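Colleague: For reference, the chains in residue letters:
There are 2 protein chains.
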Amino acid sequence: MKLLEERIRKDGIVVDNEILKVDRFLNHQMDINLFVEMGKEWARLFGPENVTKILTIEASGIGIACVAAEQFNCPVIFAKKTKTRNIAGEVYSTEVKSFTHGTVNQVIVSKQFLKPGDKVLLIDDFLANGAALEGLVDLVRQSGAELVGAGIAVEKAFQPGGDRIRSLGVRVESLARVKSMDNEHIEFC
Amino acid sequence: MKLLEERIRKDGIVVDNEILKVDRFLNHQMDINLFVEMGKEWARLFGPENVTKILTIEASGIGIACVAAEQFNCPVIFAKKTKTRNIAGEVYSTEVKSFTHGTVNQVIVSKQFLKPGDKVLLIDDFLANGAALEGLVDLVRQSGAELVGAGIAVEKAFQPGGDRIRSLGVRVESLARVKSMDNEHIEFC
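These protein sequence lines map, in sequence, to chains A and B.
Going by this note's numbering, the first residue of the first sequence is number 1, and it counts up by one from there.
Going by this note's numbering, the first residue of the second sequence is number 1, and it counts up by one from there.
Next comes chain A alone, as it looks inside the complex:
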């Protein structure tokens, strides 16, 4: 998606040839007009699938997923990283390792919100090692719902996550796929 690639080139910051910081417009400060255009692009790609639920993971996927959901006219569920006493009853649960924070989180979704018959689209801001997305895939499979695919904003295509998730048979649509990057240049696939 041209608009997102141009924005990454303009406002993204590459640190140590490995970290791509997009906190000016994607995951700390959030450009809502950009999110609307991203939502329209995913609607073009996944619209015919009759999505009934969008599933994301806290925290930085939530804003993108909610704005995108307006194009799909369906609710958004966000997987929570810890079990709080405000979540009642039974939950689907999986473990997700965060490479950014160096931690392992238990990630849960209340069973009442994902059921067989649902057609689920995953949305997240980043795909790098694929751990978060694989966790979401696992939660959907536990629920018996149908997994329509995954809409990703930025895929670091030189890291293994995209291949891993696609090899599970999941349709992954990343709006910007970074082929390589350094302090001077970002190249897209």
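Calculated directly from the structure, the hints in this document are not laboratory data.
Just so it is clear, the structure is predicted and the values come from calculations on it, not from any experiment.
It is possible that some hints are incorrect.
In silico lysine-lysine, DSS-like type, Cα no more than 25 Å apart, as pairs [said to hold, decoys possible]:
#  : chain 1 : residue 1 : chain 2 : residue 2
1  : B       : K115      : A       : K81
2  : B       : K115      : A       : K21
3  : B       : K21       : A       : K111
4  : A       : K10       : B       : K111
5  : B       : K115      : A       : K40
6  : B       : K21       : A       : K81
7  : B       : K10       : A       : K115
8  : A       : K21       : B       : K97
9  : A       : K97       : B       : K81
10 : B       : K81       : A       : K21
11 : A       : K81       : B       : K40
12 : A       : K10       : B       : K115
13 : B       : K10       : A       : K111
14 : A       : K40       : A       : K111
15 : A       : K115      : B       : K119
From chain A, some residues computed to sit far from chain B (all C-beta separations above 10 Å) [unchecked claim]:
#  : residue
16 : D23
17 : H28
18 : A69
19 : E70
20 : V76
21 : N105
22 : A145
23 : Q159
24 : R171
25 : L175
26 : K179
Beta carbons are placed, not taken as given, at the ideal position from N, Cα and C, and that holds for glycine.
Starting from the known structure of chain A, arrange chain B on it as the hints suggest.
Modeller: This is chain B only, laid out in the frame that chain A set:
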């Protein structure tokens, strides 16, 4: 706001006369059509203030804030609960006690996103003890930006947060103010 009050009566669950669970439509599964209407109501209330930034806190405020921001045509910033290596440079920082989780979090916003001259609207899903909102107020005051007010979805008016924040001189507009509640009935102000 009638629509939100009716939804709370229909889908909210009161636990132990103290906890109001709204995870079917507000803070786990999220009803985006409802969020659009909430955004329109805040735009009616705060529209004349020429808001330049909306500030919320992870995680459950993010979706509401992003959908509401479409009415204000401005970016959203979410305050982050831990310092990660993906946040560069200097940050504004404050402490927020979570009564739900029984923890104290360091909450940060990158200094590059809040500046004198900004007119900031706070958005959050709940106002109970007011700790999170007071933290956001503190972050705005550190930045030198102007605080326009706070848009809250659900205020538990029988808890001290609303009075505390209003006594700081902050305009608080809660779309549903719960006066009292038990397992059988929820009464609004």
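Colleague: For each hint, tell me whether it holds in the structure or not.
Modeller: Going through the hints against the structure:
Distance hint between K115(B) and K81(A) is unfulfilled; the C-alpha atoms sit about 31 Å from each other, more than 25 Å. For the hint linking K115(B) to K21(A), the alpha-carbon distance of about 21 Å falls within 25 Å, and the restraint holds. A distance of roughly 15 Å separates the Cα atoms of K21(B) and K111(A); the hinted pair therefore holds under the 25 Å criterion. In summary, the hint linking K10(A) to K111(B) is supported, as the alpha carbons are separated by about 20 Å, within the 25 Å threshold.
Distance hint between K115(B) and K40(A) is unfulfilled; the C-alpha atoms sit about 32 Å from each other, more than 25 Å. Only pairs whose Cα atoms come within 25 Å are accepted, and K21(B) paired with K81(A) is accepted, the gap being roughly 18 Å. Distance hint between K10(B) and K115(A) is fulfilled; the C-alpha atoms sit about 21 Å from each other, no more than 25 Å. This hinted pair does not check out: K21(A) and K97(B) have alpha carbons roughly 28 Å apart, beyond 25 Å.
About 18 Å separates the Cα atoms of K97(A) and K81(B), which keeps this hinted pair within 25 Å; it holds. Distance restraint check for K81(B) and K21(A): the Cα-Cα separation of roughly 18 Å lies within the 25 Å cut-off, and the hinted pair is therefore satisfied. Between the alpha carbons of K81(A) and K40(B) the distance comes to roughly 30 Å, so the proposed pair goes past 25 Å and is violated. Of the supplied pair hints, the one linking K10(A) and K115(B) holds, its CA atoms being roughly 21 Å apart against a limit of 25 Å.
Our distance criterion of 25 Å between C-alpha atoms is met by K10(B) and K111(A), whose separation comes to about 20 Å. Restraint check: the Cα-Cα separation between K40(A) and K111(A) comes to about 29 Å, which exceeds 25 Å; the hinted pair is violated. Proximity of K115(A) to K119(B) is assessed by CA-CA distance (about 43 Å); at most 25 Å being required, the pair is judged violated. A beta-carbon of chain B comes within 10 Å of the beta-carbon of D23(A); the shortest separation is about 7 Å.
Under the 10 Å C-beta cut-off, the non-interface status given to H28(A) relative to chain B is violated; the minimum distance is some 6 Å. With a closest Cβ-Cβ approach of about 5 Å to chain B, A69(A) is found to fall inside the 10 Å limit, against its non-interface label. Annotated as non-interface, E70(A) brings its C-beta within 10 Å of a C-beta of chain B; the closest such distance is 6 Å. Under the 10 Å C-beta cut-off, the non-interface status given to V76(A) relative to chain B is violated; the minimum distance is some 5 Å.
Non-interface call for N105(A) relative to chain B: holds, since the shortest CB-CB distance, roughly 12 Å, exceeds 10 Å. The Cβ of A145(A) sits about 13 Å from the closest Cβ of chain B, beyond the 10 Å cut-off, so the non-interface label holds. In this structure Q159(A) is separated from chain B by more than 10 Å, as the shortest Cβ-Cβ distance comes to about 15 Å. Listed as outside the interface, R171(A) is consistent with that label: its C-beta sits roughly 23 Å from the nearest C-beta of chain B, beyond the 10 Å cut-off.
Every C-beta of chain B lies more than 10 Å from that of L175(A), the closest at about 17 Å, which supports listing it as non-interface. At roughly 21 Å from the closest C-beta of chain B, the C-beta of K179(A) stays outside 10 Å, upholding its exclusion from the interface.
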